[in-house]
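**Q** Could you build all of it, start to finish, from the sequences and the hints given here?
Those sequence lines, one after another, are chains A, B and C.
Using our numbering, read the first sequence as starting at 1 and increasing by one per residue.
Using our numbering, read the second sequence as starting at 1 and increasing by one per residue.
Using our numbering, read the third sequence as starting at 1 and increasing by one per residue.
Keep in mind the hints are simulated off the structure, nothing from the lab.
Take these hints with a grain of salt, some might be off.
To be verified - BS3-like mimics (lysine-lysine), calculated; alpha carbons at most 30 Å apart, straight line:
#: 1; chain 1: A; residue 1: K131; chain 2: B; residue 2: K85
#: 2; chain 1: A; residue 1: K92; chain 2: A; residue 2: K60
#: 3; chain 1: B; residue 1: K85; chain 2: C; residue 2: K21
#: 4; chain 1: A; residue 1: K92; chain 2: C; residue 2: K13
#: 5; chain 1: B; residue 1: K40; chain 2: A; residue 2: K131
#: 6; chain 1: C; residue 1: K11; chain 2: A; residue 2: K92
#: 7; chain 1: A; residue 1: K131; chain 2: C; residue 2: K13
#: 8; chain 1: B; residue 1: K85; chain 2: A; residue 2: K60
#: 9; chain 1: A; residue 1: K60; chain 2: C; residue 2: K21
#: 10; chain 1: C; residue 1: K21; chain 2: A; residue 2: K131
Given next are the chains, with one letter for each unit.
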Amino acid sequence: MSSMFDPLHLSRRHLLQLAGTVAATSALPLVTVRPAQATPAMLASAIRNLVGEAHVQTGKVRLDIPPLVENGNTVPMTVSVDHPMTPDNFVKSIHVFNEKNPQPNVANFFLTPSAGRAQVTTRIRLADTQKVVAIAKLSDGSFWSATVDVIVTLAACTEEMP
Amino acid sequence: MPRALLAVMVLLGAALPVLAGEIAVSARRSGYDFLSSDTKAMQDDDTANPAMLSVLDGETLWSTKAGAANKSCGDCHGAADASMKGVAARYPAFNAASGAPVDLGQRVNLCRRQHQQADPFAPESRELLALTAVIAKQSRGMPITAGDDPRLASAVARGRELFVQRQGQLNLACANCHDDNWDKHLAGSAITQAQPTGYPIYRLEWQGMGSLQRRLRGCMTGVRAQALDFDAPDMISLELYLMSRAHGMTMDAPAVRP
Amino acid sequence: MPAALVNVPAKAKRGAIIEIKTLMSHVMEPGYRHTAAGDAIPRDIITSFTCRFNGAEIFRADLYPAIAANPFLSFFTTASESGRFEFEWIGDNGFVANASAVITVD
Numbered sequence: 001m002s003s004m005f006d007p008l009h010l011s012r013r014h015l016l017q018l019a020g021t022v023a024a025t026s027a028l029p030l031v032t033v034r035p036a037q038a039t040p041a042m043l044a045s046a047i048r049n050l051v052g053e054a055h056v057q058t059g060k061v062r063l064d065i066p067p068l069v070e071n072g073n074t075v076p077m078t079v080s081v082d083h084p085m086t087p088d089n090f091v092k093s094i095h096v097f098n099e100k101n102p103q104p105n106v107a108n109f110f111l112t113p114s115a116g117r118a119q120v121t122t123r124i125r126l127a128d129t130q131k132v133v134a135i136a137k138l139s140d141g142s143f144w145s146a147t148v149d150v151i152v153t154l155a156a157c158t159e160e161m162p
Numbered sequence: 001m002p003r004a005l006l007a008v009m010v011l012l013g014a015a016l017p018v019l020a021g022e023i024a025v026s027a028r029r030s031g032y033d034f035l036s037s038d039t040k041a042m043q044d045d046d047t048a049n050p051a052m053l054s055v056l057d058g059e060t061l062w063s064t065k066a067g068a069a070n071k072s073c074g075d076c077h078g079a080a081d082a083s084m085k086g087v088a089a090r091y092p093a094f095n096a097a098s099g100a101p102v103d104l105g106q107r108v109n110l111c112r113r114q115h116q117q118a119d120p121f122a123p124e125s126r127e128l129l130a131l132t133a134v135i136a137k138q139s140r141g142m143p144i145t146a147g148d149d150p151r152l153a154s155a156v157a158r159g160r161e162l163f164v165q166r167q168g169q170l171n172l173a174c175a176n177c178h179d180d181n182w183d184k185h186l187a188g189s190a191i192t193q194a195q196p197t198g199y200p201i202y203r204l205e206w207q208g209m210g211s212l213q214r215r216l217r218g219c220m221t222g223v224r225a226q227a228l229d230f231d232a233p234d235m236i237s238l239e240l241y242l243m244s245r246a247h248g249m250t251m252d253a254p255a256v257r258p
Numbered sequence: 001m002p003a004a005l006v007n008v009p010a011k012a013k014r015g016a017i018i019e020i021k022t023l024m025s026h027v028m029e030p031g032y033r034h035t036a037a038g039d040a041i042p043r044d045i046i047t048s049f050t051c052r053f054n055g056a057e058i059f060r061a062d063l064y065p066a067i068a069a070n071p072f073l074s075f076f077t078t079a080s081e082s083g084r085f086e087f088e089w090i091g092d093n094g095f096v097a098n099a100s101a102v103i104t105v106d
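**A** In structure tokens, the structure reads:
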């Protein structure tokens with residue numbers, strides 16, 4: 001377990017970050033081996049699984065995540081879609097993906113017109129600074145998306161498990 | 001994050017400032033004040049604060065009969081919201097039997113042993129955190145008074161000694177960070193003043209509940225010192241000193257911290 | 001039954017859009033961590049959450065290891081009639097938990 005107070009550790013970490021590679025430690029206290037990361041290619045294929053050949057338009061979707069999160073282990077996230085919720089014109093589902101966690105899927109939410117408002121809040125884990133993508137599927141078959149960049153800092157004073 | 005690096009350099013530099021001394025009463029700030037607005041919102045809303053799951057759990061335990069005495073906490077103490085009001089704000093408190101301070105978790109375990117005739121709960125066990133969370137919640141908004149008892153003076157003094165004593169491979173005292181550099185950051189985290197107003201807490205890093213002792217052990221490991229054992233007399237003295245240092249500040253347990 | 005917190009307004013006006021909030025205690029062990037000894041810790045997560053109102057599904061979620069421990073979910077529904085919300089969490093290792101809440105609509 002490396003200490004966050006260790007200046008050597010810090011500088012190595014920051015150099016790694018500057019080089020655009022993945023940071024060397026995880027905030028999860030038990031991890032001794034860093035898992036393989038989801039890659040942008042995995043993200044792209046997860047999105048293709050959802051949308052097929054359809055064109056994904058930017059807009060309508062709003063993804064609220066604090067731009068600089070206090071702890072990557074628990075990050076509040078709200079997705080909302082600016083679209084009516086009537087029986088014949090509504091948001092069917094919302095899908096959230098991330099770029100660099102070990103797996104690209106975060107959550108899928110399935111809505112009905114009775115929701116009244118297409119908005120969902122949850123808390124997610126982000127292993128590193130990365131992009132998060134939300135895609136909404138409307139009842140007319142169209143897809144809309146929003147992408148945000150999230151900067152994840154690591155907690156200080158982490159510990160071994162008691 | 002050049003800022004974090006800078007903070008570390010400042011902290012570790014050869015020319016470490018001599019202890020500037022205690023934080024002025026008017027300058028004291030709870031860990032809550034350092035939270036982002038999202039984390040504040042998480043703590044403020046009881047239907048969103050994950051620590052409330054532990055409180056819920058504790059309410060069940062409070063009314064569950066246990067031990068050879070086959071009594072629940074509630075059988076003797078009645079409703080926690082009346083009988084436990086303000087209790088957490090004055091712990092650690094003097095225990096006449098041992099002639100030493102006991103913290104809230106130890107007090108609960110005294111009742112387990114003596115009054116329920118049951119095995120004590122392990123430190124950081126789900127049950128102990130849940131019961132202390134229920135009790136601590138009853139002190140929300142109340143001023144901290146722990147340490148007022150004159151019989152505790154020597155333990156408070158011992159706690160202060162530990163707080164200002166350099167330790168670990170990094171040779172840092174708690175006070176180097178929490179009295180002298182509380183307004184700075186370390187690798188993205190606010191250092192804060194180490195005010196114990198919210199314990200037990202739900203820590204985002206842990207994704208779960210933990211006691212003040214667990215939090216302190218994290219800081220000890222952080223400076224690469226041998227962490228004090230759970231419930232060690234020095235650990236209780238340190239908790240007591242932190243509470244007396246926060247005298248008059250309002251409790252916000254069960255809090256959320258990064 | 002693990003602790004669950006659900007929050008639904010007890011009363012609402014017909015046609016009002018109301019927020020429902022749920023918290024469920026669960027470790028959400030992601031399945032790619034290792035112990036200090038190097039052993040893999042198997043995945044143990046909640047994989048699905050469903051909310052039904054008077055028997056009909058109104059909201060469902062698939063959850064992955066990227067959802068934080070003690071999953072929090074909040075979503076909306078239109079108050080149409082008095083009745084009962086039922087919540088169900090399903091996960092690995094046979095995990096099933098339920099909760100319910102009633103609403104009076106006038």
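**Q** Compare the structure with each hint and give your call.
**A** Here's how the hints hold up against the structure:
For the proposed pair K131(A) and K85(B), the alpha carbon gap of about 46 Å is over 30 Å, so the pair is violated. Taking the CA atoms of K92(A) and K60(A), the gap is about 14 Å. The hint holds against a cut of 30 Å. At roughly 28 Å between alpha-carbon atoms, K85(B) and K21(C) fall within 30 Å of each other, so this suggested pair holds. The hinted pair formed by K92(A) and K13(C) meets the criterion: a straight-line CA distance of about 25 Å does not exceed 30 Å.
Distance restraint check for K40(B) and K131(A): the Cα-Cα separation of roughly 24 Å lies within the 30 Å cut-off, and the hinted pair is therefore satisfied. A threshold of 30 Å between alpha carbons decides the hint, and for K11(C) with K92(A) the separation of about 27 Å falls inside it, so the pair holds. For the suggested pair K131(A) and K13(C), the alpha carbons sit about 40 Å apart, so the restraint of at most 30 Å is broken. For the hint linking K85(B) to K60(A), the alpha-carbon distance of about 49 Å lies beyond 30 Å, and the restraint is violated.
Note on K60(A) and K21(C): the hinted pairing holds, with a Cα-Cα distance of about 24 Å set against a maximum of 30 Å. Of the pairs offered as hints, the one joining K21(C) and K131(A) holds, with about 26 Å between alpha carbons and a cut-off of 30 Å not exceeded.
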